[in-house]
Amino acid sequence: MTALDIAKLKRDFPILERKVNGKRLVYLDSASSAQKPLAVLNAMDECHRNYYANIHRGVYTIAEEATAAFEAARRKVAQFVNAPRAEEIIFTRNATEAINLVAYSWARANLRAGDAIVLSHMEHHSNVVPWQMLAAERGVELRWIPLAPDFRLDLSNLDALLDGARLLAISAMSNVLGTINDIRPLADAAHAHGALVLVDACQYVPHVATDVQQWDADFIAFSSHKLLGPTGIGALWSRLELLEAMPPFLGGGEMIRDVRLDGFTTNDVPWKFEAGTPAIVEAVGFGAAVDYLSALGMDAVRAHEVSLTGYALEALRDRFGESLTIYGPTGVDRRGGAVSFLFDGIHAHDVSQVLDEDAVCVRAGHHCAKPLMRQLGVPATTRASFYLYNDEADVDALVEALAKAQKFFAV
Amino acid sequence: MAGLEDLYREIILDHYRSPRNRGELPVPPAHKVEGFNPLCGDEVVLYLDVDPESDMVRDVKIAGQGCSISQASTSMMSAAVKGRPLAEVRQLIRAFKALMSIHESKLEGDGEGDGSDLAAELAGVRLGDLEALQGVVKFPVRIKCATLAWNTLQQALDETAQAQA
Ligand SMILES: Cc1ncc(COP(=O)(O)O)c(C=O)c1O
Chain A
1315 MTALDIAKLK
1325 RDFPILERKV
1335 NGKRLVYLDS
1345 ASSAQKPLAV
1355 LNAMDECHRN
1365 YYANIHRGVY
1375 TIAEEATAAF
1385 EAARRKVAQF
1395 VNAPRAEEII
1405 FTRNATEAIN
1415 LVAYSWARAN
1425 LRAGDAIVLS
1435 HMEHHSNVVP
1445 WQMLAAERGV
1455 ELRWIPLAPD
1465 FRLDLSNLDA
1475 LLDGARLLAI
1485 SAMSNVLGTI
1495 NDIRPLADAA
1505 HAHGALVLVD
1515 ACQYVPHVAT
1525 DVQQWDADFI
1535 AFSSHKLLGP
1545 TGIGALWSRL
1555 ELLEAMPPFL
1565 GGGEMIRDVR
1575 LDGFTTNDVP
1585 WKFEAGTPAI
1595 VEAVGFGAAV
1605 DYLSALGMDA
1615 VRAHEVSLTG
1625 YALEALRDRF
1635 GESLTIYGPT
1645 GVDRRGGAVS
1655 FLFDGIHAHD
1665 VSQVLDEDAV
1675 CVRAGHHCAK
1685 PLMRQLGVPA
1695 TTRASFYLYN
1705 DEADVDALVE
1715 ALAKAQKFFA
1725 V
Chain B
52 MAGLEDLYRE
62 IILDHYRSPR
72 NRGELPVPPA
82 HKVEGFNPLC
92 GDEVVLYLDV
102 DPESDMVRDV
112 KIAGQGCSIS
122 QASTSMMSAA
132 VKGRPLAEVR
142 QLIRAFKALM
152 SIHESKLEGD
162 GEGDGSDLAA
172 ELAGVRLGDL
182 EALQGVVKFP
192 VRIKCATLAW
202 NTLQQALDET
212 AQAQA
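Top line first, the protein sequences correspond to chains A and B. In the working numbering, each number is its position in the first sequence, counted from 1, plus 1314. In the working numbering, each number is its position in the second sequence, counted from 1, plus 51.
Just so you know, the hints here were simulated from the structure itself, not pulled from any lab data. The reader is advised that the hints may include incorrect statements.
So the derived label-pair ranges between C-beta atoms look like this [unchecked claim]: (1) R135/B / P1460/A: 28 to 34 Å; (2) L55/B / T1375/A: 54 to 60 Å; (3) E75/B / N1471/A: 34 to 40 Å.
Note that beta-carbon positions come from the ideal geometry of N, C-alpha and C, so glycine has one too.
Chain B on its own, in the form it takes in the complex (with noise of 0.2 Å):
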């Protein structure tokens, strides 16, 4: 049985006392994007400003709220991915994802095939303080929080490149 520390990291447990980022920034040149968990009321609100001549994140600022493990990992992932580049933090968000789904589908029973195809996403990246969230897939119904953050910022990215296109 999966305790508390296994979820509930010391790690984890300091992004959620003490957020990274927390604040606004002005829209334009950032682009803000708000992100709901409509099962628990969780939010975040990200502020994303990328420099369009580098294709780097420029700055990145966060507000909202929610459990420790939103928040918490809200505030990893501005840290992950500030002053990266773009390519960079989409592998980012594809290795979170697999972190969270290799889990996900070996509680499912699902077959091998999908665990290799997401290790592949993982294989190389380096996801340093991140990799104290893996405890969470050992909580179901916690993924989402857990979560939340990096698909704010996958809309974030997808709504800037759409709006440079």
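Here chain A stands alone, though its shape is the one from the complex (with noise of 0.2 Å):
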């Protein structure tokens, strides 16, 4: 593995030269929507400039590179999270949509009134709300695993909880606590009682190497726009003998394979998912990033974002010390790099607005993680997130900068 050079690749993103307020950018929302690479924006550009037509259509030249280059892309996003077959990944808007792909298709098809679904205290609204409607749709039954005090999922009570339940659905890093939850015995417990399970991977496929098989999970729901790629694109994985034998979520072109005044039939999986002209050149883009990422090894950018990570919790530690307080693990270890904290009694908003005189861009407010906010007592934070692109100077312009806000709002 050799380690990332940053000072090198903070160049390939056109957008960190650029100056906020005369102050460099200071990056840190990667949690919220990472930012693109040059060889992003180019294969998306070279795409629209050379070869755009609509896919899958026409016979022409440009219409068949641009349905190789579809395709090609489906491919590069299978391998990049170690799916068996390229037509397991179905191309969706983003990961909230892929989740939703799933509570139509899959669960409406499947579950009845009084079966249970389990959550976990720590989801995002796109991986708690679908399960809601479906809930006061059919009467299905939620069930939460609690948070433990270490901000990391209290299990004690698995077993009961899965007891009767047809589905797990389930963070692999929150995007509020950085916690990482290992998904293999999660997997295993969910199976063991014959429920399928769901991983919300949003967090997680950007920042960790991801293998859908050593997960054993049954869907798994990412987007692009986290992982260095374009918005308007995202992932659903699914094994293929499931996603056949479940019903079409939307209906129109391209997921037909006939049409007659009486009724239709559907296309193979995966296009039997993908309705209407799909996000083409966001596709192209999609698949530029996951090159991009496995170039560098997301073993190195893990590394890289462990270590600064580890550098940012103590600078905040030895800084600020008791007035500023951690809602996450407070080690490197099974922890991603999204840090949210209080700090000193000043509202997450105004510290976000003092920030960002100094060009440091973090987020305020609840990241779509109410209950989780409820959980913590808490009605918002302030949250900084590294990628590969952040280094020490970063987190040091964030600790400068928190200091500002600190004399500036002193009582």
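Assembling the complex is the task here: the two chains are given apart, and the hints tell you how they should meet.
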């Protein structure tokens, strides 16, 4: 494994050359959405300029080229998460749509009143609300894995929660706490109870080498925009047999084999789930993003983030001690690079406003995880999150800007 | 570029650090209304006691939590309306919203017409300390923080009027 050369790599991201308020941009909001390298921008530009056409239809050269590029992107994404077959990757709009696809297709075909779905208190709204909608519609019961005091899942009652459950829908990495959940044992436990497993891997796939076969889950959802790719495209991975048995989600062009006045037959997987013209150029960008990450090596990306997160946790503790409360595991073990905190009684919005003066971009608010915020007993936190293009100078800039906020709001 | 001093005027920080009229009032006679900003979780709890004889705000108390702008705006609002006749309070709400939206419409590049209509709302209303909140309009995402208290007050007035009707 070759360590990342961050100074060199930063130059791949044109936006990082931008100045805000005369200051160097310090982008610490990658958990929300990541910045894009030139490789992605160029691949998309090249598609638009040279071989853009609708896919799977035209027999002319550029339509064939566009189709080939779209399907090549599917293979790249499949390889990136070690999926056994490219057809097992379904392109969606984002992770949210991937989860909704499972809720509308698999769950509505298979779940009945009285069935249970197990979720956790650390889920993003996109892995909560689709199940609440289903629960309201079908009388499905939702059960919750609670949070332990160390900001990890409290699994002491897992067997009881899984008893009679049909699905475990769980995040691989919390976008608020940074906590990494160990998926394999959870999947084994769920399967032992006859439940399927959906993993919200939206925060995990961009930062840690992912092997869907090792996880042995049944559905995995993630988004392109958090892993250096464009918005407007995401992916659902599932096992081919499962996908083949599921009814279609959206109806329209592309997802059909034949349409007659009295009905239709569906196309093969994955196209069965890709109704309408997909995000073609975005798929090309998604493919370029995983190529970029694979070339660097996900183990090197992870190693860099572990070291930087460790540096940040220590720097924040050293400088601010008791006046800064971190919501998340205190060490780098089984933890990602999202660091949420409350700072000296200063509201998260005021903190991020002062930080913006120094071009330090952090997130303030509930991070689309209101049930979790309620468990933590805080209305909002400030969150800094790191990616491969961040370095210790970025953490230092964060610490200095926080010191400024503390002075500004000092009572 | 608008600086932090434009947003966080000294008087705002003062209201944030030492909020006026914090507490609760017995319901009834007071009316209780809660306002939320779902985007950032800011919360305003307003107790409004209106004297039906004189149509005056007899007393007002506030609770809740949120950022400095929402909490300072709430505190300033409470100080501004306490002991005032309802007609003046309504005028103040309109004037305050105009103060916020004149700039909003300017920011969005709307026609002149809007601006002058809103300016009419402001004419003759003394905003006093509240003018310190004017800087907020240069920070569009924070406007909702400043207007939360006033929307909650509007709701309290409407509900009080309904209850008396
Ligand atoms: C853990 C987690 N799940 C799901 C999502 C939803 O992703 P998207 O908005 O791309 O659908 C996010 C995005 O913030 C997330 O952090």
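Results for each hint:
no.: 1; hint: R135/B / P1460/A: 28 to 34 Å; result: 49 Å, violated
no.: 2; hint: L55/B / T1375/A: 54 to 60 Å; result: 57 Å, holds
no.: 3; hint: E75/B / N1471/A: 34 to 40 Å; result: 39 Å, holds
The structure fails to meet hint 1 from the earlier list, while all remaining hints are met.
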